[in-house]
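Go by the hints and put chain R onto chain P.
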Amino acid sequence: MQLYLPIADIPINVLLILAMGAAVGFVSGMFGIGGGFLMTPLLIFVGIAPAVSVASVASHIAASSFSGALSYWRRRAIDPALASVLLTGGVVGTALGVWAFTQLRNLGQLDLTISLSYVILLTAVGSLMFWEGLRALLRIRRGDPVNLRRSGSHSWVHGLPLKMRFKRSKIYLSVIPVIAVGLLIGFIGAVMGIGGSFILIPILIYWLRIPTSTVIGTSMVLTLVTMVIATLLHAVTNHLVDAVLALILMVGGVTGAQFGARAGQKIRGEHLRLLLGLLILAVGVRFAVELVVRPTDLFTIRDTGGVAP
Amino acid sequence: MIRALPIIAALGIGMLAPARAEQLIVSVSNHRVTVTPNYAGEELVLFGAVEKDDKTPPGRNNYNLVVTVNGPRTDLMTRRKERRFGIWINTDSRQFLQVPSYLAVFSNRPMDAIAPADVQRRQQLGINNVLLTQRVGTDYADVVATDPFRSAFVRLRKEHGLYREETSAVTFLTPTLFRTSIPLPAEVPIGTYDVEIKLFADGALISKAETAFDIVKIGFEQFVANAARNHGFIYGLLTAAMALMSGWAASIVFRRD
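The listed protein sequences derive, respectively, from chains P and R. Mapping to the working numbering: the first sequence position 119 is 119, numbers consecutive. To convert a position in the second sequence, counted from 1, into the working numbering, add 1000.
These are calculated hints, taken from the structure and not from any lab test. No residue lacks a Cβ here, since even glycine has one placed at the ideal position from N, Cα and C. Heads up, a few of these hints could be off.
Across the chosen pairs, the derived CB separations fall in these ranges [claimed, not checked]: (1) P:162 x R:1219: 54 to 62 Å; (2) R:1249 x P:46: 48 to 56 Å; (3) P:16 x R:1234: 53 to 61 Å; (4) P:44 x R:1038: 40 to 48 Å; (5) P:265 x R:1032: 52 to 60 Å; (6) P:211 x R:1233: 38 to 46 Å; (7) R:1083 x P:46: 24 to 32 Å; (8) P:282 x R:1192: 18 to 26 Å; (9) P:282 x R:1248: 29 to 37 Å; (10) R:1241 x P:294: 43 to 51 Å; (11) R:1248 x P:172: 43 to 51 Å; (12) P:74 x R:1083: 48 to 56 Å.
Covered stretches of chain R (in silico footprint by chain P; criterion: 3 or more residues with CB under 8 Å from a CB of chain P, positions within the stretch not fixed) [claimed, not checked]: (13) 1052–1060; (14) 1075–1086; (15) 1208–1221.
Bound conformation, chain P alone (with noise of 0.2 Å):
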């Protein structure tokens, strides 16, 4: 089934689409990550101008995101004040994110920065996952106890000022890292065009210590208000933002979502954060392979406007 899509200009197999945002949507929803990270090569893949992608991906992950919000709301898995927090760093985030963009692009060298940012962040946070599921999958074969919360063994993270308590979290914590954590996802979302769920819920388990059971729900809100917010200005800026496109990937993706949910609910913890993270280390050593390897054609065509005077 041909459809043709009004702004990025070409015409695309519906069927295929809403397969690859129900694909993307089990994913994202079974692991509580947006998947920006995974729908927006494969949009490039199927021959969406990598603009067009990047833009309409964000509303995409805005649906996903906030359908999953909703349960983890209904669940009091999210937790308010935390979320209020992380987005004050967040919204700056963008905004920073958004003019680093803009810098890196008038200096000619944009597609390589985010090539080169996807291989690092995604090979190092890929296997640093993989392998602590590895550890602690054997960890539990040996019968070992599983020690995440050694109490007493406060980091400095702890001793910072500016203390606050979060009820639902159920921890005392400095708004400090908390804001810094989110002014990082906000700023890697806008200039590599992803949610970044995937680098934030393992910050906030291992290193801020919040509890697993609201990190995944509050998480989806940061996501969420940024996703809207990037929607937005690449509408404004960029006029590239396809709607038709994007509610194909929202069906197929908030659909896919709610089936990965359940699934990951069966799986055991440490089974989940082996599979995601052999999934974004796949995804970085496919940037990787494409960096290093010859490609098949050295020439790229780009359309650069130039309306006839």
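Chain R in isolation, oriented as in the chain P frame:
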């Protein structure tokens, strides 16, 4: 390598056309191609006839035709990757200025059999002779057809079906009646397409004709494209609202708790 372009001379060619003894009458099957939701490429047909008059040398029937279709013009950046520090990155680039986004050249026989090389170049017959202006440093010029950037540019456009050259596509149904089809790929640019038909006999241009067709978006496609371009903020708000709506709808439909 670079051959400077006598643009003024190129523009003057029309005035240098020889006295008309034959007249071309042409028509395309559709002057307005509409892009609808199920558009997936189309094929137009160009029909034409050579009309002789009393100045036509008697018994002249060895006509040759070259049809050139130029899509809307745009600037296209061509980049070349090179290996630096072990990774492949874009290093060199050339910008092609106001070149046709779609370019098709059809004829009834190979260009070399139609006209000598100098006429081919002057009349821009075939993709190798069509003017493709590049920005080279501070200069604006076309280059020889074997230039790596120019040939890579043409090759990439051909791979997408946007540039094509077929030297047996024009068929003469009778000695004076001809037709050719104009295939339009799915990812065809929107805009006005100029069709130029040149008639040759004995290696010289004897007549030419022009026609055009438009490729337009209509209905929903046009509405969305216009909204995105002219009302970016409202469009963005609506898209964001749509995202929230579908997220909310999904959480209701699949609600379990």
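For a quick check of understanding: which of the numbered hints are violated here, in increasing order? Of the numbered hints, 2, 3, 4, 8, 11, 13 do not hold.
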